[in-house]
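6 protein chains.
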Amino acid sequence: MFSVTVRDHMMIAHSFHGEVFGPAQRLHGATYVVDATFRREALDADGIVIDIGRAADALHAVLGGLTYRNLDDEPGLAGRNTTTEVLAQVVADRLAEALPAAGPTGLAVTLHESHVAWATYERPL
Amino acid sequence: MFSVTVRDHMMIAHSFHGEVFGPAQRLHGATYVVDATFRREALDADGIVIDIGRAADALHAVLGGLTYRNLDDEPGLAGRNTTTEVLAQVVADRLAEALPAAGPTGLAVTLHESHVAWATYERPL
Amino acid sequence: MFSVTVRDHMMIAHSFHGEVFGPAQRLHGATYVVDATFRREALDADGIVIDIGRAADALHAVLGGLTYRNLDDEPGLAGRNTTTEVLAQVVADRLAEALPAAGPTGLAVTLHESHVAWATYERPL
Amino acid sequence: MFSVTVRDHMMIAHSFHGEVFGPAQRLHGATYVVDATFRREALDADGIVIDIGRAADALHAVLGGLTYRNLDDEPGLAGRNTTTEVLAQVVADRLAEALPAAGPTGLAVTLHESHVAWATYERPL
Amino acid sequence: MFSVTVRDHMMIAHSFHGEVFGPAQRLHGATYVVDATFRREALDADGIVIDIGRAADALHAVLGGLTYRNLDDEPGLAGRNTTTEVLAQVVADRLAEALPAAGPTGLAVTLHESHVAWATYERPL
Amino acid sequence: MFSVTVRDHMMIAHSFHGEVFGPAQRLHGATYVVDATFRREALDADGIVIDIGRAADALHAVLGGLTYRNLDDEPGLAGRNTTTEVLAQVVADRLAEALPAAGPTGLAVTLHESHVAWATYERPL
Numbered sequence: 001m002f003s004v005t006v007r008d009h010m011m012i013a014h015s016f017h018g019e020v021f022g023p024a025q026r027l028h029g030a031t032y033v034v035d036a037t038f039r040r041e042a043l044d045a046d047g048i049v050i051d052i053g054r055a056a057d058a059l060h061a062v063l064g065g066l067t068y069r070n071l072d073d074e075p076g077l078a079g080r081n082t083t084t085e086v087l088a089q090v091v092a093d094r095l096a097e098a099l100p101a102a103g104p105t106g107l108a109v110t111l112h113e114s115h116v117a118w119a120t121y122e123r124p125l
Numbered sequence: 001m002f003s004v005t006v007r008d009h010m011m012i013a014h015s016f017h018g019e020v021f022g023p024a025q026r027l028h029g030a031t032y033v034v035d036a037t038f039r040r041e042a043l044d045a046d047g048i049v050i051d052i053g054r055a056a057d058a059l060h061a062v063l064g065g066l067t068y069r070n071l072d073d074e075p076g077l078a079g080r081n082t083t084t085e086v087l088a089q090v091v092a093d094r095l096a097e098a099l100p101a102a103g104p105t106g107l108a109v110t111l112h113e114s115h116v117a118w119a120t121y122e123r124p125l
Numbered sequence: 001m002f003s004v005t006v007r008d009h010m011m012i013a014h015s016f017h018g019e020v021f022g023p024a025q026r027l028h029g030a031t032y033v034v035d036a037t038f039r040r041e042a043l044d045a046d047g048i049v050i051d052i053g054r055a056a057d058a059l060h061a062v063l064g065g066l067t068y069r070n071l072d073d074e075p076g077l078a079g080r081n082t083t084t085e086v087l088a089q090v091v092a093d094r095l096a097e098a099l100p101a102a103g104p105t106g107l108a109v110t111l112h113e114s115h116v117a118w119a120t121y122e123r124p125l
Numbered sequence: 001m002f003s004v005t006v007r008d009h010m011m012i013a014h015s016f017h018g019e020v021f022g023p024a025q026r027l028h029g030a031t032y033v034v035d036a037t038f039r040r041e042a043l044d045a046d047g048i049v050i051d052i053g054r055a056a057d058a059l060h061a062v063l064g065g066l067t068y069r070n071l072d073d074e075p076g077l078a079g080r081n082t083t084t085e086v087l088a089q090v091v092a093d094r095l096a097e098a099l100p101a102a103g104p105t106g107l108a109v110t111l112h113e114s115h116v117a118w119a120t121y122e123r124p125l
Numbered sequence: 001m002f003s004v005t006v007r008d009h010m011m012i013a014h015s016f017h018g019e020v021f022g023p024a025q026r027l028h029g030a031t032y033v034v035d036a037t038f039r040r041e042a043l044d045a046d047g048i049v050i051d052i053g054r055a056a057d058a059l060h061a062v063l064g065g066l067t068y069r070n071l072d073d074e075p076g077l078a079g080r081n082t083t084t085e086v087l088a089q090v091v092a093d094r095l096a097e098a099l100p101a102a103g104p105t106g107l108a109v110t111l112h113e114s115h116v117a118w119a120t121y122e123r124p125l
Numbered sequence: 001m002f003s004v005t006v007r008d009h010m011m012i013a014h015s016f017h018g019e020v021f022g023p024a025q026r027l028h029g030a031t032y033v034v035d036a037t038f039r040r041e042a043l044d045a046d047g048i049v050i051d052i053g054r055a056a057d058a059l060h061a062v063l064g065g066l067t068y069r070n071l072d073d074e075p076g077l078a079g080r081n082t083t084t085e086v087l088a089q090v091v092a093d094r095l096a097e098a099l100p101a102a103g104p105t106g107l108a109v110t111l112h113e114s115h116v117a118w119a120t121y122e123r124p125l
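Chains as they are written, first to last, in the numbering used here: chain A, 1 to 125; chain B, 1 to 125; chain C, 1 to 125; chain D, 1 to 125; chain E, 1 to 125; chain F, 1 to 125.
In case anyone wonders, no lab produced these hints; they're calculated from the structure. Keep in mind the model is a prediction, meaning the values are calculated, not measured. Any given hint might turn out to be false.
Listed next, the stretches of chain C that the computed footprint assigns to chain E, with coverage defined by at least 3 CB atoms under 8 Å from CB atoms of chain E [to be verified]:
no. : stretch
1   : 20-27
2   : 85-94
3   : 115-122
Partial list, computed: chain E residues near chain D (C-beta under 7 Å) [as the list claims (entries may be wrong)]:
no. : residue
4   : I12
5   : V33
6   : Y68
7   : N70
8   : H115
Only some residues are given here: those of chain A computed to face chain C with a beta carbon under 10 Å [said to hold, decoys possible]:
no. : residue
9   : R7
10  : A13
11  : H14
12  : P23
13  : G29
14  : V33
Think of the CB as a built atom: it goes at the ideal place given N, C-alpha and C, for glycine as much as any other residue.
If we strip away everything but chain A, and leave its shape as in the complex, we get (with noise of 0.2 Å):
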């Protein structure tokens, strides 16, 4: 099995519902560095799992519709926490639908909220 990584980062806004978030329930932010992981059975003819420069650029598009925003406005996001364990998925399902079906088999999305807090969402592809 092979995998490849890349890494990018967004700058949000946000606010979370429930007494379990304590302080976080105040508008606050993040900083998120996002590793975005394609993996693959076998390799391709040219001998990768995916374009390096592609898959950057495709995490860079999902990444640009997030950033620099406060998330709690965004009508996609409406009604959800929008916790490190949600927007993993929603990156890593948005970058899903970005790419085409042929190549990578699965895809995990890792979000670094701080040096010692980060969190994972995996799928196939």
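Fit chains B, C, D, E and F to the supplied structure of chain A, relying on the hints for placement.
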């Protein structure tokens, strides 16, 4: 599949038994930077795998029982080589006991002993 | 010359005024991983620049006054662009007030806004 | 399940064939920071997956056969694109040959080509 | 004193002349993760040392003139050992030329050639 | 001004004297990830501050005299608190003795005791 990881550290002294360990048979020590990863098939109603604050507190409490100690003198670890692998299991098992049954279904604990070596233990919850 | 550095973080929302900021004029947010470096010409009788635990507590307390907030609404920061540079100075100045005069003679605070950008402010103590 | 990882690096020149590679079709180079992860269901009598010193030596020897070379001129790699994915497999396969059959049952090799891109190859041992 | 740092990278091939370089006299390569630090005594009216986006663009443009190349064949670098130190100076000097005179008064460029070695060049602006 | 840095590590046991150290008065240990930075106004004829291989060997030899030991029992360190700051000075001074007078004119040694704390000592050469 989702996961959430929190990071903390501990600073311990110990020595190893067995020729394979070479100079590490002498009393020495280590800082272990510890990552605890909680896995779960689906998010809960709040949109999380586990509350990051609660996970961090649980990890900190477990490491509090090991840090600033000479592990050669710890009753619970007597007669064992407290290698990075063994300590990853000790931390994971204590963390599993400290958390209620509901929620995450898997746990992985990684101990980084330096910038060039680390070990992981994975178990169900 | 000696120095000691401790690391912590904060997660805030804010927006910027000025065309130079482009999309960052919108309400967004950041995780700042914060390094506070204390400088001193010679060590004290215990062999330290400053107690690492005390330095970490002081930094945590200062960041506690900023984290999980929308800085656009903070009275003490009203009318200012809370850029990474400005916040490095705010953290350094509050840290300087929180610590007694004796001991370290210099302080540098670095705020990492992502894996590819950070800012530092240095001042005497 | 346990694992142990050791890290080392190599510095090579190479070029790629295929339009997908764009400017990387020119002769260029890379530092690969290489992580080799050894997996094993249970620890041995010493409490380890594999001796970290021995694992590090084996990795260093394998990388010694690649580093400070132009891979375009290496007989064993002729006619292949030495992409990060391909090199991860080359390192893993050579490492598997260099280690005796007993012990770890799985191996993963990750090559970091920069702070924003890396690739992994996993195989049984 | 304030500073702002931005990070990018380049991937090059080269060889060195001189016995001190041992196997690095052969054609090989490197990924350089490059940090450019801009220093300034006081912030401008926007509260910044330099716009991070503009600094990142300038660094990316300078690295674009070096990456994916064999530096042994670059006219501007002919007859020089393109060591990490020398390249730090080349990047800093080109960056200084690319930026207008107003603003930052100092510049430091660090090139990380691996996880265990890096070099820095500092100059006034 | 130029500088070159090399990184290595050591793993030691020790205990501290003085109430300020709290639980660190007990026998415990640390991994110190050690960065040695050599400074020099101008490069030599080969285009370097110091040969990175030679700098790495010198650092490794100095750390070899400290690693895998209980520093409380080391004659050369008797009666001193081997804090991170003190050990940074010990490493720097031993490194200065190990290197000939010609070449670099300044040295800084940083010891990282965890992912959230480190100390530096700087001296002329």
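- Message: Checking each numbered hint in turn, tell me which of them this model violates, lowest number first.
- Response: No numbers; nothing is violated.
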